[in-house]
Amino acid sequence: MAKMTLDELRKLREEKKKQMTQRDSNDKSAQIIIGMGTCGIAAGAKDAFDAFLDELESHNITDTKISQTGCMGLCFSEPTVEVDVPGMPRVIYGNVDDKVARRIVKEHIIGKSLVSDHIFDKPAVDIIK
Amino acid sequence: MHATLCDMITDLVQNSIEARATEITLEIKENDSNLNVVIADNGKGMDAETLQKARDPFFTDGIKHRHRKVGLGLPFLFQTAEMTEGTASIESEEGVGTTVTFQFDPNHLDLPEFGNLTTAAVTLMTYGYEGNLILKHQIGEKEYSISREELSDALGDLNDTESLLLLRQFIQGNEDELREV
Ligand SMILES: Nc1ncnc2c1ncn2[C@@H]1O[C@H](COP(=O)(O)OP(=O)(O)OP(=O)(O)O)[C@@H](O)[C@H]1O
Ligand code: FES
Ligand SMILES: [Mg+2]
Chain A
1 MAKMTLDELR
11 KLREEKKKQM
21 TQRDSNDKSA
31 QIIIGMGTCG
41 IAAGAKDAFD
51 AFLDELESHN
61 ITDTKISQTG
71 CMGLCFSEPT
81 VEVDVPGMPR
91 VIYGNVDDKV
101 ARRIVKEHII
111 GKSLVSDHIF
121 DKPAVDIIK
Chain B
1 MHATLCDMIT
11 DLVQNSIEAR
21 ATEITLEIKE
31 NDSNLNVVIA
41 DNGKGMDAET
51 LQKARDPFFT
61 DGIKHRHRKV
71 GLGLPFLFQT
81 AEMTEGTASI
91 ESEEGVGTTV
101 TFQFDPNHLD
111 LPEFGNLTTA
121 AVTLMTYGYE
131 GNLILKHQIG
141 EKEYSISREE
151 LSDALGDLND
161 TESLLLLRQF
171 IQGNEDELRE
181 V
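First to last, the sequence lines map onto chains A and B. Just so we're aligned: the first sequence equals residues 1 to 129 in our numbering. Just so we're aligned: the second sequence equals residues 1 to 181 in our numbering.
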């Protein structure tokens, strides 16, 4: 991959931003929070991180936010990932390897249906908000 | 336990973030016979007693992991140094900051593999804290240096997918150039 300068980086970002505002982005963006504590990392949270990025890129989804948190206290089900899609219940998924990460993008973020076999914790709909 | 040195480095930089450092420097220097890493922060530091305990594999501050009494960061570093005839040291002053230094033989058979620095750097740069993080990576005669401040200045919000993709491309480009012959 060719090396970029900071200025080139800034320009690329600005170009992409223009393209984005031209598209009508009326939806609030989805959020992915990855547990990047020691256990998460040992269990492969970075592979999940890269898989999320790759899969979002291949579907041209650029407004999803990916953030990280430290220990979620759920070592036994690491890597743990919280997904918040507007209009859907907030869900915590466990044992998210790269394959599950790709499924979360396709089924949950794009398809708007939960990846039920990896849900660690789904709060009742009425306690959200 | 960590599979790669980059995972270990991630953990050590996270220690600096957890110590509320506003300025963290991660310096990695490599050549054929030496891997030298320095992680310096201006976080809360440790008093002599905590510093002593921090080397103990059965010490963690007791707050972070409610279900686990064992810290994995520093003990893993010291264990790796011992196993591979490398050196590791930690200096810290309460209220001033902490510097962790290690030196490994990249050819030692027991050394964990280096791992993926691009992903480690992208995750650390976007971990979500206010301070600055400077990464310097040198291989032989070539080097590059990037800082979280200049990256957020160029990219704005670092956590949206577009920024993350550009950031990954940017760091990978720098890494590739280091390795070009
Ligand atoms: N850079 C630092 N500044 C201040 N204190 C530190 C620093 N690095 C480590 N410590 C102290 O040493 C303790 C042990 O660190 P270590 O990384 O081994 O475990 P941990 O961070 O508590 O848990 P883990 O890394 O497994 O998530 C920490 O809890 C903290 O009190
Ligand atoms: S990262 Fe596993 S208990 Fe904290
Ligand atoms: Mg730690």
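For the record, the hints were derived by calculation from the structure and aren't laboratory data. In this text, all values refer to a predicted model and were calculated from it rather than measured experimentally. Treat each hint with caution, since some may be false.
[As the list claims (entries may be wrong)] The calculated BS3-like cross-link candidates involving lysine-lysine, where the alpha carbons are at most 30 Å apart (straight line), are:
1) B:K53 / A:K65
2) B:K53 / B:K29
3) A:K106 / A:K17
4) A:K3 / B:K44
5) B:K136 / B:K29
6) A:K18 / A:K112
7) B:K142 / A:K3
8) B:K53 / A:K16
9) A:K11 / A:K28
10) A:K28 / A:K3
11) A:K17 / A:K65
12) B:K44 / A:K17
13) A:K16 / A:K28
14) A:K16 / A:K99
15) B:K53 / A:K3
16) B:K29 / B:K44
17) A:K28 / A:K17
18) A:K16 / A:K106
19) A:K11 / A:K112
20) B:K44 / A:K11
21) A:K65 / A:K28
22) A:K11 / A:K99
23) B:K142 / A:K11
24) A:K112 / A:K28
> What hints, given by number in increasing order, does this structure fail?
Replying inline: 1, 4, 8, 10, 12, 15, 19, 20 and 22
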